[in-house]
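> Take the sequences, apply the hints, and build the full model.
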Amino acid sequence: MDCSQAVLTLFLLVPCDQGGGHSGDPTMDLAITEALASPERIAADRLQDPLRRPDLVLQFFEITPGMTVLDLFSGGGYHTEIVSRVVGDHGKVLAHNNEAYLSFASESLAGRYDGGRLGNVERVTVEANALELPAGTFDAALALLTWHDFYHVDEDHGWPAIDAAAMVRKLCAALKPGAVLGITDHVASAGSEPAESAQTLHRIDPQRIKDDLAGDCFVFEGEINALRNSADDHTLSVFAEDIRGRTDRVVYKFRRR
30 MDCSQAVLTL
40 FLLVPCDQGG
50 GHSGDPTMDL
60 AITEALASPE
70 RIAADRLQDP
80 LRRPDLVLQF
90 FEITPGMTVL
100 DLFSGGGYHT
110 EIVSRVVGDH
120 GKVLAHNNEA
130 YLSFASESLA
140 GRYDGGRLGN
150 VERVTVEANA
160 LELPAGTFDA
170 ALALLTWHDF
180 YHVDEDHGWP
190 AIDAAAMVRK
200 LCAALKPGAV
210 LGITDHVASA
220 GSEPAESAQT
230 LHRIDPQRIK
240 DDLAGDCFVF
250 EGEINALRNS
260 ADDHTLSVFA
270 EDIRGRTDRV
280 VYKFRRR
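The sequence shown runs 30 to 286 under my numbering.
The hints are simulated quantities; they were obtained by calculation from the structure and are not laboratory data. Be aware that a few hints might be false.
[Said to hold, decoys possible] Derived DEER-like restraints, expressed as beta-carbon distance ranges:
(1) Thr-229 <-> Glu-136: 22 to 28 angstroms
(2) Ala-193 <-> Thr-154: 16 to 22 angstroms
(3) Ala-194 <-> Tyr-142: 20 to 26 angstroms
(4) Ala-195 <-> Arg-146: 29 to 35 angstroms
(5) Lys-239 <-> Leu-265: 21 to 27 angstroms
(6) Ala-260 <-> Asp-240: 24 to 30 angstroms
(7) Ala-260 <-> Ser-137: 36 to 42 angstroms
(8) Glu-136 <-> Glu-250: 32 to 38 angstroms
(9) Pro-206 <-> Gly-145: 32 to 38 angstroms
(10) Arg-286 <-> Ala-195: 14 to 20 angstroms
The C-beta atom is built at its ideal place from N, Cα and C for all residues, glycine as well.
If you want it as structure tokens, here you go:
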């Protein structure tokens, strides 16, 4: 058994009866408010809150105390830390990355997990195609600004092609019935081929996300406009200086049948 398998095995031992909260639940609202106000949060994270609106996003995705949550391609851990504080001591977070993300997000990761910080977070580093998830374990899964990465390929920099359809099947199997799959991503022009928009712009046509999840497992429940920006030029790279951090982003909620 390798390290990633050992980490995932732990999740089989974590009981959690919750399949998602209810929008407007005062317990959820309080948990999110307290998580964001925690004096233990990293200062650089706080500066991102006005642009990322984790209060609205996590409420929409029904993240509540006691949940077991998958953070897919968790990057530097900005959302991982907030979710960790929301789910609390009786919850768990599985923070996934691949090797390329560890390098890309090294600055944000510095100190994130040092000294026992975020003790309810288990980290797993494995390429997406090799990711193994325990069946029926997660109350929610989050893919935040990362769905386009299913279509990005850069073998020279450690990013192999990902089987997007296989990833959807993995998520279906890993989520409990009624669980939420929460997705945010940078908007590409309508009709854009994902292999092109993801490769050069790190964006995706929102319709592609819906199409990817249009099978028997997930139902689209809606969206909020918390991260929309009509002034964004969808043909710019998300890393362009005049738009970085302020791109037009969709916030989609899917429910596992």
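> To test your reading of the hints: which numbers does this structure violate?
3, 7
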